[in-house]
Amino acid sequence: MISLSVSKKPTVEVANPGNSASTAVNQAADAVNPAPDNGIRRRDKLVSSQPPAVSIQDLSITYRTTFEKVPTLRSAVVRLGRGERAVREVHALQHLSVDVPVGTSLGIIGANGAGKSTLVRAVAGILAPSSGRIEVRGRISSLLALGVGFNPKLTGRENVVLGGLAQGMSRAQVADRAQAIAEFADIGEFMDMPLITYSSGMATRLAFAVGVHMDPDILMIDEALSAGDAQFKVKAAKKMEELMESARAMFLVSHSLGSVRDMCNDCIWIHKGKLMLHAEPQKCIDAYTKFLEVGENAFTMDDL
Amino acid sequence: MVKTVGETSVARDELHIYEAGRAGLPRIGPYVRDLVARWPFAAEFSRSSIRSAHTDTVFGRLWLIINPTLLAAVYFVLIIILTDQEFSKGGPTLVRICCGLFLYTLLQSAVGAGAGSVTGGGALISRMAFPRLLMPLAAVRTSFFRFLPTIPVFFLLKILLARNSPEGAWGWEMLSAMYFLVLMVVFSAGLAALMGAVQVYFRDASSFLPYFLRIWMYLSPVLWSGAKYSPGGSGEHLFGLMLANPMFSICGGWGQALLEAQVPLWQLWLAGLAWSVVVFVAGSLVFMSRERDFAVRV
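In order, the protein sequence lines correspond to chains L and F. Just so you know, we're using the numbering used here here: the first sequence kicks off at 1 and counts up by one. Just so you know, we're using the numbering used here here: the second sequence kicks off at 1 and counts up by one.
Simulated from the structure, these hints should not be mistaken for laboratory data. Mixed in with the good hints there might be a few duds.
Said to hold, decoys possible - Chain L is faced by these chain F residues, among others (derived, beta-carbon under 10 Å):
1. Glu19
2. Ser49
3. Gly112
4. Val200
To be verified - Away from chain F, derived, C-beta distances all over 10 Å, residues of chain L:
5. Arg64
6. Leu80
7. Gly81
8. Ser97
9. Gln179
10. Ser256
11. Ala287
Note that beta-carbon positions come from the ideal geometry of N, C-alpha and C, so glycine has one too.
Whole structure, please, built from the sequences with the hints as guidance.
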């Protein structure tokens, strides 16, 4: 039991998240084994008996997409005539298990197409798992949301209202926050101009402002800061630190390894849908960087 | 603003569990609760689409009236010529056409917009989690608010053109039309949800839709009176068959109430209700059972 609970896959401690007895065993295990060197980082905030904010258990996501870019009835009939099936499976995530305790800010790194965004969208409840299970405790605010805006013909302010309502807030709550969002985004008169007139940086600022003002329990940021200018990045980093005091967990998907190192206290590295490493940010970044330098052939996945 | 972790855990202990299963129905109870809770979003979404289409301006609103009225005029000319009537005596015919056509336009626009609501949802579908059924319902709401301005037009035409004719009757019986309007909205919502889901898998479905809807209109008492096929009419032996068409009950009842100021036959009330409920439930269930797949497919 003890060896299991600190083994590579944290599924055992995940299985009974509400069970304080098992958590106690885990703590005992950690006490026995104070410096596990198998990739699982000791998380000091897990000491309380709280269940993890997000628990991802053996998650696999397989997309079934069609060959055609645009599926039509006509092509379906033609296919039927030829006796073909036009489904192609994409294994976006495979048997991924991650436990995100309260107080964690989790960096997610990996090459393009690794499944980072898929993971974040699954936790946000947008994509359904193909197998496995995700437990989320708390309200999620994802910065996936407003990146490109809902209706580019509407003004920024109207898009903010739409975004807030879609997140499940009441009209009054949204109205309360609209001014704070406008001030934080600091895009001046553009707030009342159609979204179509925004530069990508302005859209980013607005999206970020919306995300952080939704009182999130769990904040998800997917490449959201890439287009902001240096001044806004500083402001955003400060706001995120502030949020970490009230939020339970944060997910940061980024190709900027520097911001992952600065802002996160835990990190996972995904490659081709598989969890390569779950460790502290510096360890992950080092391994990932080495992997990028050496290349896939010299780096057998089984070693990790 | 600063809260301790302990406080948040007490205040907001929502637990969401996402489990495997691409298709299959979500649990209906929580789904409906979520749907009701987020209705303000659908309302705002519909309102903003009305705004971005400029239908809240004077000319925008005017167009909502002119468009179906012009369409009614086209059918009027067609019918007058085909049936060899005199234009000067065609007033009641025009009133009948407007009555049916305005209501049928509600169905057409709701189903048309509902069909495109998921595939046109773009960032909303791929980046946010919410009950997707809100998308076709918002489309139906938009169509309903576009339909409303045509009601006064109908009454104006009825006052002006249908005096001393069966179509010019007035009475409290006309209130029963509201029942058939509700049926139409419910029916449209079901069909909009169904077509919204179908459109995700077959993107060309919306190209067939207008033709299908137009043929359906000719088969329903939109431009003609259903009295002929009702008990006592010359085609009464076809009444049972006619009830198999949902639009026979809904459009027929609507017309009978508003034009002749008669309480529609009880068979129409019943058949219309049955059709609306069946189509709404079936359409919503098909939609809900597929909606987890939409984020990937859109």
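Looking at Gln179(L) again, its CB stays over 10 Å from all of chain F? holds (15 Å)
Is the nearest CB of chain F more than 10 Å from the CB of Ser97(L)? Ser97(L) is indeed farther than 10 Å from all Cβ atoms of chain F, at 14 Å.
With 10 Å as the threshold, tell me whether Ala287(L) passes as away from chain F on beta-carbon distances. Since the minimum Cβ distance to chain F is about 29 Å, Ala287(L) lies beyond 10 Å and the statement holds.
The hint names Val200(F) as touching chain L; please verify it with the least Cβ-Cβ distance against 10 Å. With a closest approach of 8 Å, the Val200(F) hint holds.
Gly81(L) remote from chain F - nearest C-beta pair above 10 Å: holds (16 Å)
Confirm or reject the statement that Ser256(L) sits farther than 10 Å, beta carbon to beta carbon, from all of chain F. holds (21 Å)
For the hint on Ser49(F), just tell me whether its beta-carbon gets within less than 10 Å of chain L. holds (7 Å)
Checking a non-interface call: every C-beta of chain F should be farther than 10 Å from the C-beta of Leu80(L). Is that right? holds (12 Å)
Tell me if Gly112(F) is really an interface residue toward chain L, meaning its C-beta lies closer than 10 Å to one of theirs. violated (17 Å)
Is the interface hint for Glu19(F) satisfied, with its Cβ closer than 10 Å to some Cβ of chain L? holds (5 Å)
In terms of Cβ atoms, is chain F entirely out of 10 Å range of Arg64(L)? violated (8 Å)
Going down the numbered hints, you'll see the structure goes against 3, 5, while the others check out.
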